[in-house]
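J.: Model the full structure from these sequences, guided by the hints.
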Amino acid sequence: MVVPDIIKTWADDMTIQLEPQHALSPSEIDEIEDRLYEHNSYVTGCHDGQGLGFVVRDQLGRMVGVAAGYTWAGSSELKQMWVDKTYRGRGYARALLKAFVTEARSRGVRRIWVASYDFQAPGMYEKAGFKRMAEFEGWPEGHINVLLCKTLSDQED
128 MVVPDIIKTW ADDMTIQLEP QHALSPSEID EIEDRLYEHN SYVTGCHDGQ GLGFVVRDQL
188 GRMVGVAAGY TWAGSSELKQ MWVDKTYRGR GYARALLKAF VTEARSRGVR RIWVASYDFQ
248 APGMYEKAGF KRMAEFEGWP EGHINVLLCK TLSDQED
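The sequence shown maps to residues 128 to 284 in our numbering.
Some hints here could point you the wrong way.
Said to hold, decoys possible - Label pairs and their computed distance ranges (CB to CB):
id	residue 1	residue 2	range
1	Ile143	Arg221	44 to 52 Å
2	Val182	Arg237	49 to 57 Å
3	Gln177	Gly216	43 to 51 Å
4	Gln144	Gly265	28 to 36 Å
It should be emphasised that the hints constitute simulated quantities derived from the structure, not laboratory data. In this text the structure is predicted, and so the values were computed from the model without any measurement. C-beta atoms are modelled at their ideal positions from N, C-alpha and C, and glycine is treated no differently.
T.: If you want it as structure tokens, here you go:
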């Protein structure tokens, strides 16, 4: 990307203001994600990013479970997985995870990444074929943050 000299001069002369903002709005976070995607797509040449998510709702339409993430460049990240505590133990998390994996596979994804604290559900992911790739002790203090990956084959899992 070629940046015109006038913009370079303007940027060099600009006085920045650094301010604390510890609670970004959802629209500000979306804007950051869009700008990161724009840069990453430009650098890699991969412009196939899509959101990927499934929701479980109760009879009143309230969200009681979700699996949310994205696919991009042959990979996927499961960023949020949650089931309301009153609905746990009914297989909803497994159903959400299976739907997420199935859709990712249909998009040509070869690997799905997820992070899970030791007090969340790393065991569930391992039962679903995810492998531990890294463990970060003390994140948070007294616990472990586990990074897992599932490599998808062409066959159903």
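J.: Against each hint, give a clear statement of whether it holds in the structure.
T.: The hints, checked one at a time:
1. Here the CB-CB span from Ile143 to Arg221 is close to 48 Å, well matched to the stated 44 to 52 Å.
2. Taking the beta carbon of each, Val182 and Arg237 are about 25 Å apart, not inside 49 to 57 Å as hinted.
3. Between Gln177 and Gly216 the Cβ separation comes to about 31 Å, which falls outside the hinted range of 43 to 51 Å.
4. At roughly 34 Å, the beta carbons of Gln144 and Gly265 sit within the given window of 28 to 36 Å.
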